[in-house]
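When you get a sec, could you build the whole thing from the sequences and use the hints?
Protein chains: 2
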Amino acid sequence: MATGRTHRPATRSRGIPEATVARLPLYLRALTALSERSVPTVSSEELAAAAGVNSAKLRKDFSYLGSYGTRGVGYDVEYLVYQISRELGLTQDWPVVIVGIGNLGAALANYGGFASRGFRVAALIDADPAMAGKPVAGLPVRHTDELESIIRDNGVSIGVIATPAGAAQQVCDRLVAAGITSILNFAPTVLSVPDGVDVRKVDLSIELQILAFHEQRKAGEESGPAAAAAARPGAPARASAPAAGGGKGPEGDVPAVMPA
Amino acid sequence: MATGRTHRPATRSRGIPEATVARLPLYLRALTALSERSVPTVSSEELAAAAGVNSAKLRKDFSYLGSYGTRGVGYDVEYLVYQISRELGLTQDWPVVIVGIGNLGAALANYGGFASRGFRVAALIDADPAMAGKPVAGLPVRHTDELESIIRDNGVSIGVIATPAGAAQQVCDRLVAAGITSILNFAPTVLSVPDGVDVRKVDLSIELQILAFHEQRKAGEESGPAAAAAARPGAPARASAPAAGGGKGPEGDVPAVMPA
DNA sequence: ATGCCTTTGTGAACGCGTGCACAAAGATGG
DNA sequence: CCATCTTTGTGCACGCGTTCACAAAGGCAT
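Same order as they appear, the protein sequences are chains V and X. Here the first sequence is numbered in my numbering, starting from 1 and rising by one per residue. Here the second sequence is numbered in my numbering, starting from 1 and rising by one per residue.
The reader is advised that the hints may include incorrect statements.
Identical chains share a label here; the pair holds if one copy fits it or two copies do between them.
Said to hold, decoys possible - Keeping only pairs whose Cα atoms sit at most 16 Å apart, straight-line, the calculated EDC-like set for lysine to aspartate or glutamate is:
1. K57 - E18
2. K57 - D128
3. K218 - D195
4. K57 - E215
5. K57 - E46
6. K218 - D153
7. K57 - E45
8. K60 - E18
9. K60 - E45
Keep in mind that the hints were calculated from the coordinates and are not lab data.
Quick look at the structure:
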């Protein structure tokens, strides 16, 4: 996973497991596609295939929402789209602010997937005065000074952080102070927030690193376990360990530990 | 989490649990930050705080790699950076291709976090002939026609898909046919790949939807459980269910189920 | 109405991941 | 050399998530 929850150790809101909640958007997407093709009903088997999950898992997931299926037939597509949307809270409008309008922030602002799911970009905010007023995705970029007033005036409760790592915690603190209670963090840093604030993170490079791990394993296996075994025990002595990444350190990793 | 593995049901490679692998990049980042500040050693407690995890979990994670700590002292930062890098396969160079140079693709191309972790962007590929030759992040965009030759000539095994959803599966198939065995998918679609190919996905809108769910729950709770309970049982009749998102459908969701 | 066929909904078993709590190990000071 | 203190490494228990397998339920044909 590219993301993980922070704080609040796996609360199961009203009885819906966290793992199920994470899959609901997946089902919703598959159902929306079916709805657009005017497919009236779908079986758990078909829908599971479309969503890329096990059919038993899908049925159990839906069972937490209630009994919305018809035995022998399947699920009513339109009805299920509505039920899941309601459960996820997508039947209402969620204004969001995006802070940090660099390459990634601009990409997010232009991303159609937000608007189509009940999310409305209330404002784009950047610290660079040169950016202020420039239109991005049809919206003028606002300066950081306006952050608090924008959030209060629009009743925004969800914020997206797409700043460099170094600025993320500071931005986060201001968002929280202004009343934001949910944060989607794209900056490669661990954010600390007070209780009651949800943080989800998306880290691009972490995903690649996980892929690299499996890729390496595949490469090691391909010439038989012997090759992998032979390469392993000869762990280099401490002295010869190259300082991988200990050099200049690009990307702007920020020191996140306080000196003891 | 913004991502999830596909295929291969939670293989624990050589004994390292999947959950641990997913956290190693987190530890690596925190350690790199310490390394840059020339901190020689760190305790599990400090490092855990920096990585945003439980210290017991961190120690257990490290125990899968071996006994790299010193009791009463902690872990040698440089040594641990090297060990984790090696375990993740980051001591070697991983050429990657990025397919789909829109807003997101460009953002990824410019993202410094890749280069700093042993990943090298071998090529940027786009289907639009008008893009061909244009420099993005210092690299000329190549046309899709060259996809196969680029992958073969550079020995690329990791591909990043940042195309619209409608093109993703087709691109995926070509990548796999050309020899790619690991794919990071940003398109909002379920990709189907043959065995032996790893797919990880990052879905921006899914993360927001999960946040919305929790946000809704918070809003419902704030006026006491009574309010939430009162709003629930009056589930609207099937007929009155608005077709949430059943309209035009932006974003380019693609039908992913085959008609039975 | 009756029997058959399809598909849901779920009880139960299993496995993974997490966190506690403590013994073992090493450093440090006398 | 011994005592004490710190911190690691891990055995154990618990809870969540996944999967199997099947009974119950509804549609449909006869």
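Hints versus structure:
no. : hint        : result
1   : K57 - E18   : within (13 Å within a copy, 20 Å between copies)
2   : K57 - D128  : neither (47 Å within a copy, 40 Å between copies)
3   : K218 - D195 : between (42 Å within a copy, 12 Å between copies)
4   : K57 - E215  : neither (28 Å within a copy, 25 Å between copies)
5   : K57 - E46   : within (13 Å within a copy, 38 Å between copies)
6   : K218 - D153 : neither (53 Å within a copy, 20 Å between copies)
7   : K57 - E45   : within (10 Å within a copy, 37 Å between copies)
8   : K60 - E18   : within (13 Å within a copy, 24 Å between copies)
9   : K60 - E45   : within (13 Å within a copy, 38 Å between copies)
Hint violations for this structure: numbers 2, 4 and 6, all remaining hints satisfied.
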